[in-house]
Amino acid sequence: MYGYIRPFKPELKIREWETYQAAYCGLCAELKRRYGFAARFAVNYDFTFFIMLLAKGESEFKRMRCPGNGRKKAHCFAGKATEIAADLSIIMGWNRLRDSIEDDGFPRKLFITRPAKVLMKRQYRHAANVHKKFANNVSELLDELRDLEHNRESSAVKMAQVFANVLSAAGEYGDSNEERRVLTHLLDAIGRLIYILDAADDLEADRKKCRYNPLIYDSQFDAKSYLEKTAAEAAADFELLPPGEFSGILGNILYLGIPSAINK
Amino acid sequence: MNDPYAVLGVSQNATDEEIKRAYRELVRKYHPDNYRDNPLGDLAEQKMKEINEAYDKIQRIRRGEEPPPGGNAHSNGYYQNQQPNNGGYYRPPQYNYNSGPPRQNDACDCCVKLWALDCCCECMGGDLIRCC
Chain G
1 MYGYIRPFKP ELKIREWETY QAAYCGLCAE LKRRYGFAAR FAVNYDFTFF IMLLAKGESE
61 FKRMRCPGNG RKKAHCFAGK ATEIAADLSI IMGWNRLRDS IEDDGFPRKL FITRPAKVLM
121 KRQYRHAANV HKKFANNVSE LLDELRDLEH NRESSAVKMA QVFANVLSAA GEYGDSNEER
181 RVLTHLLDAI GRLIYILDAA DDLEADRKKC RYNPLIYDSQ FDAKSYLEKT AAEAAADFEL
241 LPPGEFSGIL GNILYLGIPS AINK
Chain U
1 MNDPYAVLGV SQNATDEEIK RAYRELVRKY HPDNYRDNPL GDLAEQKMKE INEAYDKIQR
61 IRRGEEPPPG GNAHSNGYYQ NQQPNNGGYY RPPQYNYNSG PPRQNDACDC CVKLWALDCC
121 CECMGGDLIR CC
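Heads up: the sequence lines are chains G and U, in that order. If you count by my numbering, then the first sequence holds residues 1 to 264, one letter each, in order. If you count by my numbering, then the second sequence holds residues 1 to 132, one letter each, in order.
These aren't lab readings, by the way, just hints derived from the structure by calculation. Note that the structure is a prediction, hence the values are computed from the model and not measured. Be aware that one or more of the hints could be misleading.
Okay, the calculated beta carbon distance ranges per label pair [stated by the list, open to error]:
{"id": "1", "chain 1": "G", "residue 1": "E18", "chain 2": "U", "residue 2": "D37", "range": "52 to 60 Å"}
{"id": "2", "chain 1": "G", "residue 1": "S139", "chain 2": "U", "residue 2": "D56", "range": "38 to 46 Å"}
{"id": "3", "chain 1": "U", "residue 1": "E65", "chain 2": "G", "residue 2": "E228", "range": "40 to 48 Å"}
{"id": "4", "chain 1": "U", "residue 1": "N34", "chain 2": "G", "residue 2": "S154", "range": "28 to 36 Å"}
{"id": "5", "chain 1": "U", "residue 1": "Q59", "chain 2": "G", "residue 2": "F41", "range": "40 to 48 Å"}
{"id": "6", "chain 1": "U", "residue 1": "D33", "chain 2": "G", "residue 2": "A38", "range": "44 to 52 Å"}
{"id": "7", "chain 1": "U", "residue 1": "E45", "chain 2": "G", "residue 2": "C210", "range": "28 to 36 Å"}
{"id": "8", "chain 1": "U", "residue 1": "D3", "chain 2": "G", "residue 2": "S100", "range": "49 to 57 Å"}
{"id": "9", "chain 1": "U", "residue 1": "E18", "chain 2": "G", "residue 2": "Q21", "range": "41 to 49 Å"}
{"id": "10", "chain 1": "U", "residue 1": "E53", "chain 2": "G", "residue 2": "K209", "range": "38 to 46 Å"}
{"id": "11", "chain 1": "G", "residue 1": "K158", "chain 2": "U", "residue 2": "H31", "range": "24 to 32 Å"}
{"id": "12", "chain 1": "G", "residue 1": "E18", "chain 2": "U", "residue 2": "E45", "range": "33 to 41 Å"}
A partial selection of chain U residues facing chain G, derived with a Cβ cut-off under 10 Å [as the list claims (entries may be wrong)]:
{"id": "13", "residue": "G9"}
{"id": "14", "residue": "V10"}
{"id": "15", "residue": "Q12"}
{"id": "16", "residue": "I19"}
{"id": "17", "residue": "K20"}
{"id": "18", "residue": "Y23"}
{"id": "19", "residue": "N34"}
{"id": "20", "residue": "P39"}
{"id": "21", "residue": "A44"}
{"id": "22", "residue": "K49"}
{"id": "23", "residue": "E53"}
{"id": "24", "residue": "Y55"}
Selected chain U positions facing chain G (in silico; Cβ < 7 Å) [stated by the list, open to error]:
{"id": "25", "residue": "V27"}
{"id": "26", "residue": "Y35"}
{"id": "27", "residue": "R36"}
For glycine and all other residues, C-beta sits at the position ideal for the given N, C-alpha and C.
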């Protein structure tokens, strides 16, 4: 998907890097198990991060064959968190394809985006059936985002907040009331970060192609200080989560990985 | 409160300096200024309260005003004279971590009683018999 929420590899222990890869491979393996081989393309770093936030003691590491890595076997992390992340990845992936159809040019739309969306429809229906509330939320919020884009909304903060509401809905999957509150706010901060980082990344290309970008229309907006403030919020929220298997990696992502993405 | 040492993330054998450092780090992390515009400020406040209570309790334990976690009422006055690296736990004096539990009638006992054999054992590289 967006790939901004990643660890800062130079400061990651090898053991933590392998555990992170296991979470990523676990998502891939779960996508294949639930939705077929082609669904593996929905694997993404954002929901790998989500798995690490949710993971609890009942999970385990399994060895499975990895088609993307020759004949090697990879360690895959499996558990309830991976199952939820796989379902939500399909829902997000399908909705992104739906949006891409609006934005893409003719050849890409005809040969790539539309066929992919049609092929994913069955998987999407299955995932949306299990997670009705999340699927409805995502559709409505992305529709609202598209309307704001068409109307050339000038507030970058408002746009970021609407997008963040999509991710923060996944905070409902926490176990306790307290955990749900923390996850919702943390994912809200992460959602705002992703939106503004993506906008900043696409700024030059959007300016050339006259596409909507909130940073073009909101001239008063200081993206860097907003991103730094939001990253600090996300880190403060992370400290309120109970310590888990992936706490070291999550700390690296929040204190080093995200600031590194902001500086780039 | 369960274990105040676990709340601060230190071992029971930690020095006073280590405990103070852990306390300061946690206070910096959960300080109300970090949660000023954050709806989770109440959770951070709760965490701060826990940390302060844990630190105060450890201070009281180390002054001998309270038994350590897992201690009992009889040991209330005993702990005042314990060395910090003992963690306040009573250990039978013959238990030696280096040699394992005490054994009476084996080669280890020969080494201990006849120190010459003990030296030979060492010269041969040590570890010939478990106690060396």
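Outcome of the hint check:
1. For E18 of chain G and D37 of chain U, the hinted distance range of 52 to 60 Å is not satisfied, since their beta carbons lie about 38 Å from each other.
2. Checked against the hint of 38 to 46 Å, the C-beta distance between S139 of chain G and D56 of chain U comes to roughly 52 Å, which is inconsistent with it.
3. Taking the beta carbon of each, E65 of chain U and E228 of chain G are about 45 Å apart, inside 40 to 48 Å as hinted.
4. Between N34 of chain U and S154 of chain G the beta carbon distance is about 31 Å. The supplied range of 28 to 36 Å therefore holds.
5. Distance hint check: the CB atoms of Q59 of chain U and F41 of chain G are about 57 Å apart, inconsistent with the given range 40 to 48 Å.
6. Checked against the hint of 44 to 52 Å, the pair D33 of chain U and A38 of chain G passes, with Cβ atoms roughly 49 Å apart.
7. Range check, E45 of chain U to C210 of chain G: about 49 Å between beta-carbon atoms, so the 28 to 36 Å window is missed.
8. For the pair D3 of chain U and S100 of chain G, the supplied restraint of 49 to 57 Å holds, since their beta-carbon distance comes to about 53 Å.
9. As the Cβ distance of E18 of chain U to Q21 of chain G is approximately 34 Å, the hint placing it in 41 to 49 Å is violated.
10. Between E53 of chain U and K209 of chain G the C-beta distance comes to about 59 Å, which lies outside the given range of 38 to 46 Å.
11. Under the hint 24 to 32 Å, the C-beta atoms of K158 of chain G and H31 of chain U, about 30 Å apart, fit the expected range.
12. Between E18 of chain G and E45 of chain U the beta carbons are some 37 Å apart, a value that agrees with the proposed interval 33 to 41 Å.
13. Residue-level restraint check for G9 of chain U holds (minimum Cβ-Cβ distance to chain G is 9 Å; threshold 10 Å).
14. Interface restraint check: V10 of chain U against chain G, minimum CB-CB distance 14 Å, threshold 10 Å, status violated.
15. At its closest, the beta carbon of Q12 of chain U sits 19 Å from a beta carbon of chain G; the interface hint therefore is violated under the 10 Å criterion.
16. Look at I19 of chain U: its Cβ only gets to about 19 Å from chain G, farther than 10 Å, so that hint breaks.
17. Given hint, K20 of chain U at the interface with chain G, is violated; its Cβ is 20 Å from that chain's nearest Cβ, farther than 10 Å.
18. Using the Cβ-Cβ criterion of 10 Å, the hint placing Y23 of chain U at the interface with chain G is not satisfied: the shortest such distance is roughly 15 Å.
19. A least Cβ separation of about 5 Å between N34 of chain U and chain G falls short of the 10 Å threshold, and the interface hint therefore holds.
20. This hint holds: P39 of chain U has a C-beta 6 Å from the nearest C-beta of chain G, less than the 10 Å allowed.
21. The restraint placing A44 of chain U at the interface with chain G holds, with a minimum CB-CB distance near 6 Å, inside the 10 Å limit.
22. A least Cβ separation of about 14 Å between K49 of chain U and chain G goes past the 10 Å threshold, and the interface hint is therefore violated.
23. For E53 of chain U, the interface hint is violated, the least distance from its beta-carbon to any beta-carbon of chain G being 17 Å, above 10 Å.
24. For Y55 of chain U, the interface hint is violated, the least distance from its beta-carbon to any beta-carbon of chain G being 17 Å, above 10 Å.
25. For the restraint placing V27 of chain U at the interface with chain G, the shortest Cβ-Cβ distance is roughly 12 Å, beyond the 7 Å limit, so the hint is violated.
26. Restraint check, Y35 of chain U versus chain G: the minimum CB separation of about 6 Å is within 7 Å; hint holds.
27. Evaluation of the R36 of chain U hint against chain G yields a violated restraint, the C-beta minimum of about 10 Å exceeding 7 Å.
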